[in-house]
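Student: Chain P is fixed; fit chain V onto it per the hints.
So the sequence lines, in the order shown, correspond to chains P and V.
To convert, count from 1 in the first sequence and add 15; that's this note's numbering.
To convert, count from 1 in the second sequence and add 713; that's this note's numbering.
Note that these hints are calculated values from the structure, not bench results.
Be careful, since some hints might not be right.
[Said to hold, decoys possible] Restricting the straight-line Cα-Cα distance to at most 25 Å, the calculated cross-link-like pairs of lysine-lysine (BS3-like) are:
1) P:Lys83 x P:Lys18
2) V:Lys775 x V:Lys791
3) V:Lys724 x V:Lys775
4) P:Lys18 x V:Lys775
5) P:Lys71 x P:Lys18
6) P:Lys56 x V:Lys724
7) V:Lys728 x V:Lys791
8) V:Lys729 x V:Lys775
9) V:Lys791 x P:Lys56
[Said to hold, decoys possible] If you want the footprint, here are the derived chain V segments under chain P, 3+ residues with CB under 8 Å:
10) 727-739
11) 747-761
No residue lacks a Cβ here, since even glycine has one placed at the ideal position from N, Cα and C.
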Amino acid sequence: ELKVEQNPLFLSMQEEKNYTIYCNYSTTSDRLYWYRQDPGKSLESLFVLLSNGAVKQEGRLMASLDTKARLSTLHITAAVHDLSATYFCAGKHNNDMRFGAGTRLTVKP
Amino acid sequence: EAGVVQSPRYKIIEKKQPVAFWCNPISGHNTLYWYLQNLGQGPELLIRYENEEAVDDSQLPKDRFSAERLKGVDSTLKIQPAELGDSAVYLCASGRTGLGEQFFGPGTRLTVL
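Extracted from the complex, chain P is given alone in its bound form:
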């Protein structure tokens, strides 16, 4: 059974600082997903990582995948308040999709 672990679970950042969220998974994952969820809202797809070494960037967010280490990272560059949300990673193995517990990010001025 695929297990997905994120850390940290809570992250309080100052604006303009950089930080990384880590996502470890237990078995082979066909692909890795990152989602954003604002309070009371649904999940918004950020990135889909398909292969080892994949890197995708959108604005201040950059996601990468290391399938050998079974690790994905979401790097935040020069954080701004608008990035405050909960970020989930999810792995997929044989059509079974499993989510991490989420990282609640708060960006403070």
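Tutor: The following block gives chain V in isolation, referenced to the frame of chain P:
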């Protein structure tokens, strides 16, 4: 392109009452998922459909939960009878086979009193 539509958005019921949720996926998406999300946790899959076939319902508590997807489009998820522990957000998502990416609806927040 319209997103995944769910209704109702909020539902408050007393325990032992029945409740039903409805989901309309994105047009052209053949896969449909129902998830349960507890506060502070990630979504947990309840059931996955490929067209009208439930291909993974291993996590669905079948003693009280049921789902259907007639004609391979809209889907309903039912709980009967509801228990206090069923209070959560029920999310519906849709996608296309093979691509894996899922698009989520706004969810239904269920409160069981």
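Student: To test your reading of the hints: which numbers does this structure violate?
Tutor: Those not satisfied come down to hint 10.
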